[in-house]
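Sequence order for the protein chains is V, G and X.
Going by this note's numbering, the first residue of the first sequence is number 38, and it counts up by one from there.
Going by this note's numbering, the first residue of the second sequence is number 3, and it counts up by one from there.
Going by this note's numbering, the first residue of the third sequence is number 32, and it counts up by one from there.
Calculated directly from the structure, the hints in this document are not laboratory data.
Glycine included, C-beta positions come from ideal geometry on N, C-alpha and C.
Be a bit skeptical, because a hint or two may be false.
Stated by the list, open to error - Below, a sample of chain X positions facing chain V; criterion: calculated Cβ distance under 10 Å:
| no. | residue |
| --- | --- |
| 1 | Phe-46 |
| 2 | Leu-89 |
| 3 | Gly-92 |
| 4 | Ala-95 |
| 5 | Leu-108 |
| 6 | Val-109 |
| 7 | Leu-119 |
| 8 | Met-126 |
| 9 | Phe-128 |
| 10 | Thr-140 |
| 11 | Gln-186 |
| 12 | Ala-200 |
| 13 | Ser-202 |
Unchecked claim - Listed next, the in silico DSSO-like pairs over lysine-lysine satisfying Cα-Cα at most 27 Å (straight line):
| no. | chain 1 | residue 1 | chain 2 | residue 2 |
| --- | --- | --- | --- | --- |
| 14 | X | Lys-123 | V | Lys-288 |
| 15 | V | Lys-114 | G | Lys-184 |
| 16 | G | Lys-180 | V | Lys-98 |
| 17 | V | Lys-288 | X | Lys-102 |
| 18 | V | Lys-69 | G | Lys-592 |
| 19 | V | Lys-288 | X | Lys-158 |
| 20 | G | Lys-231 | V | Lys-98 |
| 21 | V | Lys-288 | X | Lys-157 |
| 22 | G | Lys-317 | G | Lys-132 |
| 23 | G | Lys-457 | V | Lys-69 |
| 24 | V | Lys-217 | G | Lys-344 |
| 25 | G | Lys-592 | V | Lys-217 |
| 26 | V | Lys-98 | G | Lys-256 |
| 27 | G | Lys-184 | V | Lys-98 |
| 28 | V | Lys-98 | G | Lys-188 |
| 29 | V | Lys-217 | G | Lys-325 |
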Amino acid sequence: MVTFIIRRLFATVFLLIVVSMITFAIFFLIPKLAGQTSYQLAIQYVGRNPTRAAVLEIEDKLGLNAPIYLQYGRFLKAIVLGTHYNSGTSTTYCPPPCFGYSFKSQQPVWPQMVSDLPVTLSLAIGAAVIWLVGGVTIGIISALKRGTLFDRLSMGLALVGVSLPIFFTGLIALELFSYKWPIFPNVQYVSLTTNPLLWARNLILPWFVLALLYAALYARLTRAGMLETMSEDFIRTARAKGLQERTVIFKHGLRATLTPIITIFGMDLGLLLGGAIITEVTFSLHGLGLFTVEAVQNQDLPEILGVTMLAAFFIVIANLVVDILYAVVDPRVRH
Amino acid sequence: MRRPRTIGLAAVGAVAALVAAACGGSSGGGTSGSSSSSASAFNAAVTHVVNPSTHKGGTIIFDNSTAPDSTDAGNTYYAFNLNFVMLYALPLTTYKSCPGTTCGNTIVPGLATTLGVGSDGNKTWTYHLKSGVKFEDGTPVTSQDVKYAVERTFDRGVLANGPSYFASLLAGNAASYKGPFKNRSKNLMALNSVDTPNSSTIVFHLNQPFADFNYVVAFPQTAPVPPNKDTGANYQNHPISTGPYKFQSYQLNKQYTLVPNPQWKPSWNPQVKQLASKIIVNLNVNANDIDNRLLAGDIQVDQAGTGVQAPARAKILSTPSLKADSDAPINAHEWFYYINTKVPPLNNLHCRMAVEYAYNKTNMQTAYGGPIAGGDIATTAMLPNILGFQKFDLYHALTKPSGDVAAAKQQLQECGHPNGFSTNIAYRSDRPREVASSQALQASLASVGIKTTLKGYTAANYYGTFAGVPTYVHSHDLGLLAGGWGPDWPNAYGWGWALYDAKAIVSAGNANISELNDANINKWFLAMEQTTSKSQSNAYANMINRQVMKDAAILPAVYAKALLYRPPGLTNVYVQPFYGMYNYGVLGTK
Amino acid sequence: MPDTLLEVDDLHIHFPTDDGLVKAVDGLTFSLERGRTLGIVGESGSGKSVTSLGIMGLHHGSNARITGHIKLDGEELVGATANRIRELRGSKMAMIFQDPLSSLHPFYTVGSQIAEAYLVHNQVGKKVARKHAVDLLGRVGIPQPATRVDDYPHQFSGGMRQRAMIAMALSCDPELLIADEPTTALDVTVQAQILDLIWDLQQEYHSAVIIITHDLGVVAELSDDILVMYAGRMAEYGSAEHTFDEPGHPYTWGLLASMPRIDEVRLERLVPIKGTPPSLINVPSGCAFHPRCRYAGFTDGRSQAEVPELREVAPGHLVACHLTGDQRRKFRTQLDLEETEASAARMTKGDG
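Build the full structure now, drawing on both the sequences and the hints.
Below you can see the structure in the form of structure tokens.
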């Protein structure tokens with residue numbers, strides 16, 4: 038198990054490097070292929086009608102005129118060793134992992150991501166708990182009561198839930214529950230440490246909107262998995278042994294059903310930790326998702342790189358945890 | 003001739019207000035010195051101060067769907083931010099705070115005691131500072147602080163965003179000056195074209211006559227910055243205030259909060275007020291949500307000032323009570339298409355004129371959002387609120403708003419392409435209005451045989467890499483290019499030099515995308531640099547405007563409008579014409 | 032009869048489906064004494080598994096309609112409460128299944144699954160149950176049972192797994208053991224071991240055993256009695272000896288002819304029964320086998336019209352067929368001749 042983890046950690050580092058290379062390539066090489074020079078690239082980071090000297094200056098400051106491999110080298114070095122930054126009047130040291138300074142605001146990227154992370158974490162984990170518990174429960178009940186009104190209704194609703202995009206359900210939720218009937222007025226993020234009750238209250242709408250999508254998916258998955266599992270031979274054996282039906286369902290059936298669900302859950306959560314973009318934009322939550330949108334809109338390479346790598350990191354770690362978890366839960370994988 | 007719609011509606015608003023006043027319905031105590039009507043009606047704030055009041059207290063919350071380019075007053079160029087920084091910055095000159103172009107586009111002294119007077123053929127400009135002005139920490143403001151503020155903008159590696167006028171106009175070592183950050187001991191106060199003979203006098207030496215220099219120093223780049231408290235790129239976290247408010251907190255891209263500056267005195271700048279006891283700005287908020295919050299009264303102002311989104315627009319316009327609390331001013335912006343004068347066959351004037359006659363002006367207006375959300379059909383190459391503007395309509399936009407096919411066809415004959423020709427239309431593909439307008443343009447040109455291909459580009463790179471690069475425009479046959487513009491200051495020079503003067507053409511980031519090189523126009527701009535006569539300036543405005551249209555270098559679409567909503571609890575609300583949105587420096591709460 | 036453990040009387044198990052009523056078991060009657068083995072034989076879809084599941088009460092939860100009687104040690108199971116049957120399952124009657132790999136839960140150790148069966152029916156501590164599991168594993172012939180008790184099913188070989196399954200079934204000393212195709216998924220050599228094991232255990236515990244299979248070889252080895260099922264109905268029922276020596280039903284003849292015999296030189300090709308098993312929704316009228324029967328035409332149309340009743344053709348040997356005893360003997364002899372001629376022909380041709 039330990040060698041397994043170590044090997045995977047190495048693979049993680051390798052993967053992150055590849056991700057950063059690809060991001061770099063997309064940012065620089067593709068426009069280059071369209072004929073863009075570094076001077077032209079630099080213009081978008083200066084005000085309107087800049088003088089030539091101004092553009093050259095910013096080009097130099099941002100390092101855009103250096104060859105790509107050099108820029109990439111600087112980027113890697115900063116992550117591993119940190120870098121020094123001159124704000125004009127003073128020089129500060131940006132400790133590793135240093136994701137550089139925003140092209141737009143010239144402020145360090147890492148502290149911004151760190152301050153945005155709790156928002157995304159709150160949103161993602163809260164929604165995850167809701168969708169996992171809710172979706173799985175509904176799925177189990179639907180499977181056990183297959184064909185009944187409850188089953189048909191819940192699967193119908195689930196189909197709707199899976200099909201409706203978040204920017205739609207989110208806006209509807211806001212329209213209804215924040216403005217029309219001010220049950221949740223003024224939904225703005227309050228940090229957990231400042232005011233836990235308000236933190237939760239203001240996150241309820243985004244939690245449920247985000248969870249609805251996944252809960253629907255998980256209900257359907259759990260139902261399908263449960264139905265499949267309950268038709269397995271070992272369930273028949275369990276019954277043949279004279280076990281109580283309750284034990285058959287929960288000890289034998291659920292355990293087998295949940296394993297793939299848990300792995301999917303790990304993947305979904307990992308993906309969300311990199312930023313629940315649409316939910317955050319809809320509800321104006323300053324998390325990594327919103328940060329990503331701003332970074333892309335501003336063509337802010339250090340920010341884009343930073344958030345991409347962070348998101349990739351979460352996904353890879355989630356993958357790793359899921360794989361380990363699977364080995365723990367399913368003995369067949371271990372041997 | 004059709005009356006501009008805003009004036010008509012404003013008249014209705016004024017009548018309604020008078021009626022309301024007669025019935026004893028006016029609210030708020032006292033006035034703020036300008037037009038006194040206080041009642042709320044549609045477009046009332048365009049010409050009058052709505053809810054004039056001196057009441058202090060309350061919190062004003064601004065929401066913005068993006069973020070300012072920088073909260074550092076010396077590092078910003080966004081229109082809404084030039085408006086907002088007046089709350090904590092005091093440049094040498096500023097605009098008079100009042101509605102209506104006659105009043106509001108007047109330049110008045112700010113930190114300076116009077117407007118600068120140009121000497122030596124308008125190449126030298128001297129300003130005297132008001133006495134007793136202090137920073138928020140009590141330190142007296144000196145002319146060195148103003149010089150330093152200008153100096154620091156020269157280091158574009160640190161402060162990249164602001165205008166470039168000082169770098170191109172100042173004499174002496176300005177061309178090679180790299181700013182006070184690098185090699186500070188040597189370069190601090192080393193810009194030798196700015197003199198500070200004493201702590202209350204500052205003198206600017208230009209390398210050419212420039213009559214509009216008072217407008218140049220109206221930019222907050224001249225708001226004083228204490229050199230020993232400057233933190234360069236980090237100054238945005240807490241700019242040292244010389245205005246009625248100072249920074250209490252700042253979270254990059256998220257929120258900043260201003261509280262009253264106890265040092266401030268109204269005499270320093272009569273154009274702003276210190277009424278609210280707290281100002282909060284929330285950044286990067288969902289645009290539709292901003293409208294909902296405005297209407298629900300959770301926030302007071304949309305900081306971006308470009309109007310509500312389509313759903314809120316529909317709601318406001320269809321609800322009389324909401325409509326009475328809204329205004330549709332000209333948003334200090336014109337949307338148009340450049341007609342490039344070098345890309346064949348548009349290098350032939352008559353081919354360009356054919357395009358001018360042919361396009362469907364009404365469809366254009368609809369594509370940009372219609373009369374209220376898009377704007378008035380534009381017939382000229384200049385905003386109507388530019389000083390000296392005179393209306394004219396060379397290409398029958400108002401008489402034949404769906405296009406003048408006959409005249410277009412005749413022009414096609416004259417340019418040697420009787421059956422039409424082909425060219426490309428460039429536009430920003432992530433701007434839905436430009437997508438729609440390009441399609442409308444394509445359709446109407448097709449009706450006279452002008453075949454066009456649509457070429458979309460991302461907005462971020464549009465000026466830097468594509469439309470703003472003449473070589474690219476030529477090599478890709480981009481004959482028609484979507485664009486928009488707001489003035490740097492409200493006269494023809496501040497509006498149009500970068501658009502129409504041949505000297506403004508640069509190899510990348512070009513704004514004279516038509517590549518217009520009209521000797522007359524060049525001459526008139528040059529003359530404007532030299533004359534301080536208002537009437538002469540106004541005359542030039544009209545001449546330049548007419549000539550650009552005669553040259554068919556610009557295909558006007560709309561004088562942009564924005565539907566703005568003012569919550570009833572907000573006081574001293576009016577549209578400051580230069581910004582095209584509510585004046586943020588004077589707001590209060592009831 | 033004094034030692035009768037199981038009595039099945041006119042058992043019908045029907046399933047209503049969207050396509051129609053599936054008559055999986057349509058009139059089954061037999062009895063089984065302690066210490067004896069009954070082999071139930073038939074093709075896929077003949078109703079053998081459904082019968083065993085019915086006895087175990089494992090149709091509960093599906094929409095099966097069960098009528099008739101199933102008496103286990105005098106206690107009526109049809110219509111009994113679900114909980115009562117659950118109490119009996121695993122304790123008084125136990126079942127082992129065809130595929131031990133899929134029939135054992137992959138996530139729990141073999142030992143825990145065996146112990147679980149013991150714990151649900153006995154009030155003992157976990158340690159006792161575990162020891163019992165180890166003992167059982169040893170009893171069924173698994174080496175090093177004390178270590179292997181903590182292994183997972185996938186860590187056992189096929190034969191060992193089936194032994195483990197048997198151990199699990201035996202954990203509560205059941206009086207009735209039903210083995211549904213216990214060797215089908217195993218190699219031939221392992222098959223023999225398993226069958227021996229079942230035989231030994233039956234001797235030791237004096238339990239009644241029902242072996243369900245389509246493999247006549249298995250039946251021949253173990254069974255005391257044979258029940259041949261076709262289309263949910265009984266075709267033939269009698270002692271193993273009798274049924275093999277003098278099979279009475281044309282279907283049984285077909286089964287025997289299609290079976291590879293190790294005690295004969297394989298000179299002729301296996302003769303499959305022509306046609307396919309019938310739909311249990313639209314069971315052919317009259318005798319369900321008549322569409323595939325060579326001799327259907329010799330019954331004056333009764334095969335098509337009348338369902339044949341079970342008649343005793345010898346003491347304790349029942350056959351459900353319209354053919355008369357004479358016809359039966361005649362056709363049986365004809366078949367034997369055909370086989371001999373065919374084998375002779377092959378020998379001269381040199382196919383041997």
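Hints and how they fare:
no. : hint                  : result
1   : Phe-46                : violated (15 Å)
2   : Leu-89                : holds (6 Å)
3   : Gly-92                : holds (8 Å)
4   : Ala-95                : violated (14 Å)
5   : Leu-108               : violated (13 Å)
6   : Val-109               : violated (18 Å)
7   : Leu-119               : holds (7 Å)
8   : Met-126               : holds (5 Å)
9   : Phe-128               : holds (6 Å)
10  : Thr-140               : holds (8 Å)
11  : Gln-186               : holds (6 Å)
12  : Ala-200               : holds (8 Å)
13  : Ser-202               : holds (8 Å)
14  : X:Lys-123 x V:Lys-288 : holds (23 Å)
15  : V:Lys-114 x G:Lys-184 : holds (24 Å)
16  : G:Lys-180 x V:Lys-98  : holds (13 Å)
17  : V:Lys-288 x X:Lys-102 : violated (31 Å)
18  : V:Lys-69 x G:Lys-592  : violated (56 Å)
19  : V:Lys-288 x X:Lys-158 : holds (20 Å)
20  : G:Lys-231 x V:Lys-98  : holds (23 Å)
21  : V:Lys-288 x X:Lys-157 : holds (17 Å)
22  : G:Lys-317 x G:Lys-132 : violated (48 Å)
23  : G:Lys-457 x V:Lys-69  : holds (18 Å)
24  : V:Lys-217 x G:Lys-344 : violated (56 Å)
25  : G:Lys-592 x V:Lys-217 : holds (25 Å)
26  : V:Lys-98 x G:Lys-256  : holds (25 Å)
27  : G:Lys-184 x V:Lys-98  : holds (12 Å)
28  : V:Lys-98 x G:Lys-188  : holds (21 Å)
29  : V:Lys-217 x G:Lys-325 : holds (19 Å)
Of the hints listed earlier, those the structure fails to meet are numbers 1, 4, 5, 6, 17, 18, 22 and 24, in rising order.
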